[in-house]
Amino acid sequence: MAVSITHDLTTLYDAQSNFGGMETTDLMPPRYGATCIGQSVDRETAHFYDTVSTYSLIGQTIYVWLSAPPSAETIDNGGIRIVIGDGSDVRAYYVGGFGTRAFTSNGWQCYVLNGDNLPTMYEQVEGTAEPDLTSLTQVGCGFNVPAKAVGGAINCFTSICRVGTGLTIGGGSDAEPGVFYEIFEEDFSTQNAFGIVEEMGAGIYGIQGSLTFGDDSNDSYFIDENAVIYFHDVLVGNDFYEFNTVGSDTHINIFQLGEKLGTGGEDVVGSDGFNIINGGPGLSVNFSSNNSNGIYGSRFNGVSNGIDLGNNSEVISSIFDSSGKVIAGSSFIRDCTFSGTNDNDYTGSSLLWNDNIDIRSCTFNANIHDTNDPAAIEHPDIGTFDYNILMFSGNDIDIRNTSGGSVTINALGGSNPDEQKSTGDTTVQVSASLTLVDLQPGSRIRILEHGTENVLASTDNSGDTFEYSYNIMMDVDIAINHLDYVYWRLEGYSLTGEDASLPISQREDRVYFNP
Amino acid sequence: MARIIDPDQLNLDVEVSFDTTSRIIELHVDTGNLTQEGVTLQALYSACKEFWQEDDGLIKLPFPFEAITEVKFDLFNGWDFAEDELKDDGDRTRDLIREGGWSKIDDDGNPQEQYFGFVTLGEFHDPAVDIAYYQRQDGGAVDYTVYPGPVNEPVKIFGDMEHGELDYRSYFMTFLREQGKTYGVASLDEQGVTNIDYTVYRLPLTNAFDPVIDATDNEIETELPYTNMSISYITGQLFETWVSGDSYVEDDVVLDSSNDRWYRATAATSGTTNPSDSADWEPYIGERQIGDNYYPFNVIIDGQDAVAERIYEFTQHANRQETDINDDEFTDAYGEVIGQTAPQLLEFLGETLITGEGVFIDDFNSGDTNRIEFNDSTEETRTFPFVAAGSINFNDNLQNDPNAKYWMFFEDDYGTDDAIIVNDADGSPITGDVSGNASVSFDFDYDNNTQGGRTAGTDANVIVVGIGLNTAQFVSVDGTISRNVGLVFTLVSALERNYISGS
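Protein chains in written order, with the working numbering: chain A, 1 to 515; chain B, 1 to 503.
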């Protein structure tokens with residue numbers, strides 16, 4: 001069963017009859033319904049608008065389908081415009097023009113105007129001020145066409161115009177879950193023409209609105225693989241783009257990106273997932289705890305407003321890169337990478353820890369910035385926490401302690417957070433041992449904190465092995481002296497959270513001489 | 001106490017101490033077993049291993065050494081030997097190191113300083129006084145060893161920007177030149193060492209009492225004939241027979257075979273005109289005639305008619321001077337020559353004076369003609385034609401016989417009608433009346449006499465014959481005229497008892 005699309009879009013005009021000075025015409029295939037409307041714009045700038053029911057543009061976006069001749073002016077010269085007014089003040093905002101790519105579907109372009117991020121270029125059509133965005137009563141479009149309309153024919157067209165935020169995708173079935181292409185098909189249909197999802201290539205979709213998957217009133221199933229979701233760089237508010245799931249505890253709501261492989265438990269990997277990229281001002285991802293969210297082999301890039309995985313997500317083999325903070329909840333997180341966080345303008349962290357977190361075998365790397373100090377993991381609570389196979393590399397800060405108290409990390413399974421790269425009262429401890437093997441018996445051994453004379457372990461008369469048990473990961477220097485063998489020293493050896501065995505090869509000292 | 005080779009002789013904080021903060025190793029003399037005789041680097045290394053084995057503080061620190069061989073070590077982990085200013089007893093720690101070279105290595109593995117162990121082989125005549133010196137660059141200044149006597153101490157050969165910025169790893173020459181003693185010299189180049197490593201090199205260097213030297217330095221510097229003697233260096237190189245059309249550079253010296261004379265190029269040339277007729281060449285002022293031939297030299301000593309021993313005294317004195325010894329009598333602008341590092345000009349072998357390569361003596365005493373060997377600039381030894389000399393002694397029977405005569409024949413045809421009387425150096429036959437003399441002198445042109453087909457320059461076997469009338473019977477004796485003076489042939493004639501003179 002295909003996806004079922006609902007939306008919050010309110011139609012301002014449907015272009016099925018004359019509106020604002022434009023007349024129905026069959027010179028252009030309709031983008032919506034049975035017809036469209038248009039007018040001849042001949043070496044002039046013309047605005048076509050009329051009164052509609054009162055609407056607000058705060059947090060909302062106008063989606064209007066327009067078509068202008070190739071001779072239309074550039075966006076800087078107001079080639080294509082969206083007109084809004086409140087009865088007194090009317091402005092025509094420049095939203096497109098020659099040389100500017102626009103959201104395209106079925107031969108039409110869908111332009112947007114968002115009340116929280118209006119274009120700086122516009123023409124005051126009536127009055128002197130910005131229209132009241134909370135109480136708009138007029139809408140329409142405008143064109144600046146410097147070329148002649150051949151024969152005075154209609155050369156500028158418009159189709160349905162709506163205001164709202166985005167789509168909600170439900171439907172699907174256990175046997176036939178929904179896929180993303182179906183969303184595009186719904187948008188592409190002249191019955192809908194939402195103007196939110198376009199196909200930019202096979203498996204590559206351009207988005208200019210929010211998407212919510214699931215249904216809190218019905219069962220829903222969405223499972224898809226190998227797609228790129230690109231949120232367009234258009235003028236919408238920083239908080240406008242959302243990629244969410246919703247559900248309820250009384251219904252089954254399945255949402256899955258990519259494929260989960262393996263026998264279960266820890267033996268799982270993900271592949272063939274989605275690549276979700278934000279090119280716009282901001283994007284947030286929120287997965288409902290009421291859904292069963294499976295994120296496998298996927299990548300989130302530029303999700304600057306953060307990612308809330310909820311408590312019922314299974315996130316495997318996925319990457320969170322150049323994004324805001326990931327709120328893990330109690331979701332199952334394995335084999336993931338958290339890198340390049342830009343949380344809180346690079347002063348935040350790539351992952352927020354909590355008491356119920358279920359994360360292991362993940363990598364935190366390159367959370368760095370030239371001037372600020374982003375962190376890999378933030379600990380907001382006092383306590384002792386286990387890191388299981390969490391690997392850190394190249395971060396400005398590995399652990400940001402915002403608890404106001406002590407945080408103790410048990411670095412397990414080779415986890416390597418660096419206590420030196422933590423903030424606040426943070427201690428990293430392990431339970432592991434380093435065993436020096438193949439020693440020449442009688443060796444004098446010192447294990448020292450790297451670069452210091454602080455002796456951590458020692459013997460003056462070793463056997464052929466020497467074991468050092470430790471609970472703090474650090475770099476150490478190992479010195480071994482034996483009169484009959486060449487002095488042996490290793491500096492900067494890193495003690496990890498895992499037991500390690502270090503073979504020692506002592507060469508016979510042919511120079512030492514004591515007659 | 002002798003040089004320490006046993007690490008047990010080194011005690012922590014007595015002979016050896018460590019500044020663990022600055023990582024400085026310091027040796028202390030005269031507070032325990034260590035003296036200026038020093039300690040071998042191997043012994044110090046071995047002692048350090050024992051210190052690291054026993055001391056609870058040192059074991060925490062990186063070990064200072066890595067032994068490459070018994071005499072070659074890396075000094076690393078920031079360790080260094082104490083400098084003068086860090087010392088409280090005046091002796092630099094590194095100067096007390098014996099039989100070892102080392103390289104101080106930085107944390108990146110790059111050398112910062114390198115020393116090689118300079119050891120001499122052989123005895124010094126007076127170890128308490130005689131002191132060697134050395135040159136680390138061709139033409140460079142000299143440094144004296146820290147301690148007199150046979151050398152066993154480190155010499156710095158490399159320093160990076162922070163350690164003197166020097167690189168002396170391609171040249172090393174050492175000298176031992178003391179007044180009244182034979183001279184010693186040695187170089188690593190002679191041993192085939194062109195890349196000096198931070199290990200030990202042993203060079204033969206020795207001296208002995210020189211019986212030839214009689215004059216004091218003051219006498220040489222203030223009295224005749226020394227004060228009129230001179231040494232002149234002459235510019236020149238190559239010293240080969242000229243070949244028509246070959247390319248030559250300025251100051252090349254060639255032999256023109258058309259007249260067997262030597263010429264020096266005044267500029268680069270590759271002409272086909274013989275040097276004797278070419279403006280590109282000038283007569284070489286270092287050319288000297290020996291016998292019938294001319295040979296090239298580039299150091300000319302004016303001997304002021306002095307005997308060989310006095311000339312030798314003069315040049316030995318010059319070869320100890322820290323100043324320019326080139327008197328440049330020929331105004332040849334050869335340039336400065338520092339005496340103490342210049343090649344030794346002359347040396348004696350027995351009674352024979354031998355010149356250094358390219359050295360000739362003008363105006364030596366003619367009596368020394370036969371005992372001077374000249375080494376010309378072609379590296380060949382040249383001597384003046386030799387005049388052998390000797391005497392023929394007569395016993396009483398010959399001396400008492402007023403009619404006694406003597407003859408000297410070449411052995412080959414003696415006893416035949418073709419017997420040839422040997423001529424003396426002037427071409428006169430060696431024969432005559434005894435005339436009551438106990439002996440008569442003779443000489444012989446050893447290098448030129450070709451009587452009877454004799455090969456000049458070879459020993460001549462001769463028969464000396466004597467006979468009288470009343471008291472001396474006929475007598476002959478075999479002999480050989482060799483390249484010597486002081487040859488003696490003795491005729492012992494039996495008493496004549498039967499001769500009856502006519503009436």
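Any given hint could be a false lead.
Straight line, CA to CA, 20 Å or less: simulated EDC-like cross-link-like pairs of lysine to aspartate or glutamate [said to hold, decoys possible]:
1. Lys405(B) with Asp460(A)
2. Lys72(B) with Asp484(A)
3. Lys421(A) with Asp460(A)
4. Lys156(B) with Asp138(B)
5. Lys60(B) with Asp386(A)
6. Lys72(B) with Glu508(A)
7. Lys60(B) with Asp381(A)
Think of the hints as simulated: they come from the structure by calculation, not from any bench.
Evaluated hints:
1. Lys405(B) with Asp460(A): violated, 102 Å
2. Lys72(B) with Asp484(A): holds, 18 Å
3. Lys421(A) with Asp460(A): violated, 34 Å
4. Lys156(B) with Asp138(B): At roughly 16 Å apart (the allowed maximum being 20 Å), Asp138(B) and Lys156(B) satisfy the hint.
5. Lys60(B) with Asp386(A): Violated, at roughly 33 Å.
6. Lys72(B) with Glu508(A): holds, 16 Å
7. Lys60(B) with Asp381(A): At roughly 39 Å apart (the allowed maximum being 20 Å), Asp381(A) and Lys60(B) break the hint.
When each numbered hint is compared with the structure, violations occur for hints 1, 3, 5, 7.
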